[in-house]
Every structure is written in structure tokens, then in C-alpha cells.
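Trainee: Residues per chain are reported as follows:
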Amino acid sequence: AQKITQTQPGMFVQEKEAVTLDCTYDTSDPSYGLFWYKQPSSGEMIFLIYQGSYDQQNATEGRYSLNFQKARKSANLVISASQLGDSAMYFCAMREVYNAGNMLTFGGGTRLMVKP
Amino acid sequence: DVKVTQSSRYLVKRTGEKVFLECVQDMDHENMFWYRQDPGLGLRLIYFSYDVKMKEKGDIPEGYSVSREKKERFSLILESASTNQTSMYLCASRGQLEQYFGPGTRLTVT
Chain A
1 AQKITQTQPG MFVQEKEAVT LDCTYDTSDP SYGLFWYKQP SSGEMIFLIY QGSYDQQNAT
61 EGRYSLNFQK ARKSANLVIS ASQLGDSAMY FCAMREVYNA GNMLTFGGGT RLMVKP
Chain B
1 DVKVTQSSRY LVKRTGEKVF LECVQDMDHE NMFWYRQDPG LGLRLIYFSY DVKMKEKGDI
61 PEGYSVSREK KERFSLILES ASTNQTSMYL CASRGQLEQY FGPGTRLTVT
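From first to last, the protein sequence lines are chains A and B.
Here this note's numbering is used: position 107 in the first sequence is 107, and no number is missing along the way.
Here this note's numbering is used: position 45 in the second sequence is 45, and no number is missing along the way.
It should be emphasised that the hints constitute simulated quantities derived from the structure, not laboratory data.
Be careful, since some hints might not be right.
Which chain B residues stay away from chain A? Per the calculated CB distances, all over 12 Å, these [what the hints assert, rightly or not]: (1) T15; (2) K18; (3) V19; (4) S67; (5) E72; (6) S80; (7) N84; (8) M88; (9) V109.
As a list, the in silico DSS-like pairs of lysine-lysine whose alpha-carbon atoms are at most 25 Å apart [what the hints assert, rightly or not]: (10) A/K3 / B/K55; (11) B/K18 / B/K57; (12) B/K57 / A/K3; (13) B/K55 / B/K70; (14) B/K55 / B/K71; (15) B/K53 / B/K3.
Computed from a predicted structure; not experimentally measured.
Each residue gets a CB set at the ideal place from its N, CA and C atoms; glycine is no exception.
Chain A with its partners taken away, still in its complex shape:
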């Protein structure tokens, strides 16, 4: 079974509008962390935001926020006031505390395209 599922292969959003990128996860580990990374066309992976499974509040970093719904096992990324530079691939990832090496498991990604 997929541990991280991103159901939107591609999305368009109008510049200055908000957009939500979906991510659902599957784990039996009570302690885990969820990450979002951005990958522009240049290829580098840029860390955006982190949510711990025990965090009481949803994480926010500037225009990025994470809509964490633990019971539904979802960790959607919300980007407010989209900019042209937000056009990129976005990856959701999970780290389960009990896995050796602290590795990340990634979803298939969502390509976001911001229209001017």
C-alpha cells in the first residue's frame, strides 16, 4: 500500500489566489513527521514546512500552511496568494520515528502551474 498519496498529478491556479495541494498518508507509527518540499524546474529540492504528529497546531511558514487532519490522515499544503515563482513540483513526505535511518517516504508529487 502507498504510504504517501498525492492524488493531483497537476494543478492550475490563478496568480494571487490560494491553492491546496492534497496529501494523505498511511502509518501505524504513533510518532511521525510530515514534510513538504518544492522542486522548481532547476531540480533542487527545497524544504517548505514540517508538521509533527503530536503538534497541537497546524504548521505555518510565511505563505505556506499545513492543514493537518490527524484522524483523516491528511496533511494538505495550502499556499496563499500564489505567485508565478510557485510554479513547481511539490512533494509530500513522511518520516516514521521507528524506521531505521530516519528515511523519508515520498508521494508521487503534484505539479503546480500558476497562471498570470
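Given chain A, work out where chain B should sit, using these hints.
Mentor: Showing chain B alone in chain A's frame:
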């Protein structure tokens, strides 16, 4: 700033060649990782290392090996490259929280 560098951005090799992909990090991180990235599949873990000379298989280790002789350097080796190993290869090292990634090597095997 953490820096993770990879030896090549683009590489073209022939089937059967031995290929070395090098990765160096400058933050004294213990954990390092090699992923491959394919469209629609996201990043998949090939191997990781949690210390010098220590390595563990990831989800797709077949056809690959790794070497970690020094803490800052983690090498991925394709013993005999095949066309199905054409992909983007990303190296990462783990800091306190997140993983820091190198710029990637786009490998084409012909």
C-alpha cells in the same frame, strides 16, 4: 548554509558501464541518502548510510551499491548500467529536522 553537492548535473553512459555518482555534504551529518526520481513515482530510496562504512538498503537497491569511506562523502555505484536506470538521482543528508538535497544528477543510459 548547508551544502550538498553532486559530482555531475548531467551524465550520459553506455549500457554495461560502471557508473559512479558522488555526493559531498559539508555539515558533518551522519545520515546520508540516495534517491532516484521518476515521473509519477516521486522519490524512491535506493540506499542510506547512518555512519562511515555503514549502509542500509532502501526500497529499490537492486542494481546499485554504495560506499561511505568518509563522513562527508557518499557514493552511489551502478556496477553495470542498464537503460532502466536512466533517471534523476538525488543525494541528501539529514540535519536536525529536514533532509538537505543536492542539485541532482540526470543520468541517461544508452
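Trainee: Confirm or reject each hint.
Mentor: Each hint, compared with the structure:
1. Even its closest Cβ contact with chain A, about 25 Å, leaves B/T15 beyond 12 Å, as expected for a residue assigned away from the interface.
2. Against chain A, the non-interface label of B/K18 holds: every CB pair exceeds 12 Å, the least being about 24 Å.
3. Separation of B/V19 from chain A is adequate, the least Cβ-Cβ distance of about 19 Å exceeding the 12 Å criterion.
4. For B/S67, the non-interface assignment is confirmed: its Cβ lies about 17 Å from the closest Cβ of chain A, beyond the 12 Å cut-off.
5. The claim that B/E72 lies off the interface holds: its Cβ sits roughly 18 Å from the closest Cβ of chain A, which is beyond the 12 Å cut-off.
6. Distance check for B/S80 against chain A: the nearest CB is about 26 Å away, which clears 12 Å, and the non-interface claim stands.
7. No beta-carbon of chain A comes within 12 Å of the beta-carbon of B/N84; the shortest separation is about 18 Å.
8. For B/M88, the shortest C-beta to C-beta distance to chain A comes to about 7 Å, within the 12 Å cut-off, and the non-interface label is violated.
9. With a minimum CB-CB distance of about 19 Å to chain A, B/V109 clears the 12 Å threshold, and the non-interface call stands.
10. The hinted pair formed by A/K3 and B/K55 meets the criterion: a straight-line CA distance of about 23 Å does not exceed 25 Å.
11. The hinted pair formed by B/K18 and B/K57 meets the criterion: a straight-line CA distance of about 20 Å does not exceed 25 Å.
12. Note on B/K57 and A/K3: the hinted pairing holds, with a Cα-Cα distance of about 18 Å set against a maximum of 25 Å.
13. A threshold of 25 Å between alpha carbons decides the hint, and for B/K55 with B/K70 the separation of about 12 Å falls inside it, so the pair holds.
14. Distance hint between B/K55 and B/K71 is fulfilled; the C-alpha atoms sit about 12 Å from each other, no more than 25 Å.
15. Restraint check for B/K53 and B/K3: satisfied, since their Cα atoms lie roughly 21 Å apart, inside the 25 Å limit.
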